[in-house]
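K.L.:
Protein chains in written order, with the working numbering: chain Y, 1 to 248; chain E, 249 to 544.
What the hints contain is simulated information worked out from the structure, not anything from laboratory work. Treat the hints with care, as some may be off.
[Stated by the list, open to error] A short, non-exhaustive set of chain E residues, derived as facing chain Y with CB atoms under 10 Å:
1) Thr-403
2) Asn-460
3) Gly-512
4) Phe-514
5) Gly-518
6) Thr-528
7) Pro-531
8) Pro-536
[Stated by the list, open to error] Between beta-carbon pairs, the in silico distance windows are:
9) Y/Trp-65 / E/Thr-403: 18 to 26 Å
10) Y/Arg-13 / E/Thr-403: 22 to 30 Å
11) E/Gln-538 / Y/Phe-63: 50 to 58 Å
12) Y/Trp-41 / E/Val-510: 30 to 38 Å
13) Y/Thr-109 / E/Thr-403: 48 to 56 Å
14) E/Gln-467 / Y/Val-69: 38 to 46 Å
15) Y/Lys-113 / E/Thr-403: 51 to 59 Å
16) E/Glu-341 / Y/Ala-160: 35 to 43 Å
17) E/Ser-307 / Y/Met-206: 39 to 47 Å
18) E/Thr-309 / Y/Ile-207: 39 to 47 Å
Yeah, the Cβ is synthetic: ideal placement off N, Cα and C, and Gly gets one too.
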Amino acid sequence: MATAVERFDHKARQAFDRIGHNDVRAGELLRHPVYTRVLHWMYGLFFFLALFSGFGIYMPWLFRWFTPVFGGGPLSRAMHPWFGLAFCFFFGLQTLNWWKDMRWTKADTGWMKGIRNVIAGKEKLDPPDTGFFNAGQKVQFWEIVGGCIAYLFTGVILWAGARTFGRMAVAVSYVIHDISALIMLGGIFVHIYLSTVGEPGTVGAMIRGAVSEAWAWTFHPAWYKQVTGRDPRAAYEEARRKLDGRKS
Amino acid sequence: MSDRKTLQTEMISAHPGPSPGAGMQRDYPVCKLIDTTICIGCKACEVACVEWNGMPFSSTTFDNTYQTMPETRWNYWNLIKFNEHVRADGTVEWLMRKDQCMHCADPGCLRACPADGAIVKYANGIVDFQEENCIGCEFCVSGCPFDIPRFNPATKKVYKCTLCSDRVGQGLEPACIKACPTGCLKFGSKEDMKAIAEERSHQLREHFGFENAGVYDPQSVGGTHVIYVLHDATQPELYGGLPKNPQIPWSYTLWKWFFKPVLGTFSLLGLVGVVLHYVTVGPRRPQPDQPERKEV
Chain Y
1 MATAVERFDH
11 KARQAFDRIG
21 HNDVRAGELL
31 RHPVYTRVLH
41 WMYGLFFFLA
51 LFSGFGIYMP
61 WLFRWFTPVF
71 GGGPLSRAMH
81 PWFGLAFCFF
91 FGLQTLNWWK
101 DMRWTKADTG
111 WMKGIRNVIA
121 GKEKLDPPDT
131 GFFNAGQKVQ
141 FWEIVGGCIA
151 YLFTGVILWA
161 GARTFGRMAV
171 AVSYVIHDIS
181 ALIMLGGIFV
191 HIYLSTVGEP
201 GTVGAMIRGA
211 VSEAWAWTFH
221 PAWYKQVTGR
231 DPRAAYEEAR
241 RKLDGRKS
Chain E
249 MSDRKTLQTE
259 MISAHPGPSP
269 GAGMQRDYPV
279 CKLIDTTICI
289 GCKACEVACV
299 EWNGMPFSST
309 TFDNTYQTMP
319 ETRWNYWNLI
329 KFNEHVRADG
339 TVEWLMRKDQ
349 CMHCADPGCL
359 RACPADGAIV
369 KYANGIVDFQ
379 EENCIGCEFC
389 VSGCPFDIPR
399 FNPATKKVYK
409 CTLCSDRVGQ
419 GLEPACIKAC
429 PTGCLKFGSK
439 EDMKAIAEER
449 SHQLREHFGF
459 ENAGVYDPQS
469 VGGTHVIYVL
479 HDATQPELYG
489 GLPKNPQIPW
499 SYTLWKWFFK
509 PVLGTFSLLG
519 LVGVVLHYVT
529 VGPRRPQPDQ
539 PERKEV
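Okay, chain Y solo, but in the shape it has when bound (with noise of 0.2 Å):
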């Protein structure tokens, strides 16, 4: 990406380090400054003001008990645009801030075919190539990205209406819409599952910015040797010792 992205991403971190605070502790790494957090937060209030207003509109007869919060069906209507706006606004920010970490390597196709092992829970660590993120962080980030872009054409369709788009733009655009919409309903509850309790010390990195040496060589090795200077596995086996002489 091109460099000038490059220093408005650093300057932005910059300039919301100094309002903001990282609260990292002994035994713990800086994971998401407060830049990347206060993105992920904003994105993530207008994703779900944009889906509580969006229901209203998809399937009134099951969600119109959604309505009242936004005023009514009509102003939820209005409103849904300004939302999704939004979302694709402070998710493109986070998009350019992200576009380095988020490219696909070598390892991430190495990462996506034991996907089994780890949804089967077989396999404790992640592979030692696994980096900031892993292939699943990124399947899941691109289908947004993705997403937004359809949103942001079939939206503008939509909002505009028949009258200037023609009905078959308007016809086919709401599919897609609802299409997309529904491809990040289900991933939401993934994403919130595994950053909540399917893997427990994740959503200190969104909250203070920290998560512990341990999750850091246990989920995203290559991440941790990079920022550490250390080996994950040799990390983890002195983990290991220690505890076992602990108990014994």
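Given the structure of chain Y, go ahead and fit chain E onto it with the hints provided.
P.N.:
Here is chain E on its own, set in the frame of chain Y:
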């Protein structure tokens, strides 16, 4: 009272269950017949429509034709479309067509509408918007092959001709019918109106030299409860853009009634999946994990 029977609900937009009261009473479908060959473009029907429906005065645009304004508005449901048509032999013909909701037997607006109860089709064929349930998504605009529903930005809801369902429900004719001075507008059962229209077309073909005269009652939307007699039924586009073969996009039927509920349920499987994963496989913890506490 027979007049009460005319407003039995037949279809409701996005409604999951059967329509309330369906099959309770027999009723006959109503129809408005517009004979474009008799219309003199006096606009009495436009005024009657605005008056009966209590619409405010709205300023018009003069575009050098005998047309009140370029197109219908959310508060102006009835407009005589004017076209100065030059025929192949160089003679000129003034075509006047009363443009309003066609009250389709298979309404595209109702198919497209996602809001439960926002669009209702009565058993007598009248398609009516129930604005209290409208969410203003404007999908009906894309569903309508006749470009009829109009959005009001102030109320964020959509409006159109009701075929005076309030009058018809009380045994009266629509306001435009009452106002028409030439007999160009007629109102009655679909069967009767169709018969009159066919007879008039026959007359036009046989005695007035309009070889292509015919009835406009498009079967692609299951017929309409507003039908026209046209001098040239082979070219309905000449009459202010009346579509020859009105269509409802396939996505409204297929997507709305099949994929929407099916894929919606499929998304929720994401939730089911993670719950099952937590219960069966359990969370992945940072390693080395603290050993489980043994109760003594």
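K.L.:
Compare the structure with each hint and give your call.
P.N.:
Hints, verified against the model:
The interface hint given for E/Thr-403 is met, as the beta carbon of that residue sits about 7 Å from the closest beta carbon of chain Y, less than 10 Å. Taking 10 Å as the C-beta contact cut-off toward chain Y, the hint placing E/Asn-460 at the interface is violated, the least distance being around 28 Å. Annotation: interface hint on E/Gly-512 holds; nearest CB of chain Y at approximately 7 Å, less than 10 Å. Taken as an interface hint, E/Phe-514 checks out: its beta carbon lies about 7 Å from the nearest beta carbon of chain Y, inside 10 Å.
Nearest Cβ of chain Y to the Cβ of E/Gly-518: about 4 Å, under the 10 Å cut. The hint holds. Proximity of E/Thr-528 to chain Y holds as hinted, the smallest CB-CB distance being about 9 Å (cut-off 10 Å). For E/Pro-531, the suggested interface contact is upheld, since its CB lies about 5 Å from the closest CB of chain Y, less than 10 Å. At about 4 Å, the closest approach between the beta carbon of E/Pro-536 and any beta carbon in chain Y falls short of 10 Å, and the interface hint on this residue holds.
Between Y/Trp-65 and E/Thr-403 the CB atoms are about 22 Å apart, so this pair conforms to the stated range of 18 to 26 Å. A hinted range of 22 to 30 Å for the beta carbons of Y/Arg-13 and E/Thr-403 is inconsistent with their spacing of about 46 Å. For E/Gln-538 and Y/Phe-63, the hinted distance range of 50 to 58 Å is not satisfied, since their beta carbons lie about 43 Å from each other. At about 33 Å, the beta-carbon gap between Y/Trp-41 and E/Val-510 stays in the expected band of 30 to 38 Å.
At about 55 Å, the CB distance of Y/Thr-109 to E/Thr-403 agrees with the hint of 48 to 56 Å. At roughly 44 Å, the beta carbons of E/Gln-467 and Y/Val-69 sit within the given window of 38 to 46 Å. Taken as a hint, the range 51 to 59 Å holds for the pair Y/Lys-113 and E/Thr-403, whose Cβ atoms sit roughly 57 Å apart. Restraint check, E/Glu-341 to Y/Ala-160: a C-beta distance of roughly 36 Å satisfies the suggested window 35 to 43 Å.
Checked against the given bound of 39 to 47 Å, the beta carbons of E/Ser-307 and Y/Met-206, roughly 56 Å apart, lie outside it. With their beta carbons about 59 Å apart, E/Thr-309 and Y/Ile-207 fall outside the hinted range of 39 to 47 Å.
Violated hints for the displayed structure, listed by number in ascending order: 2, 10, 11, 17, 18.
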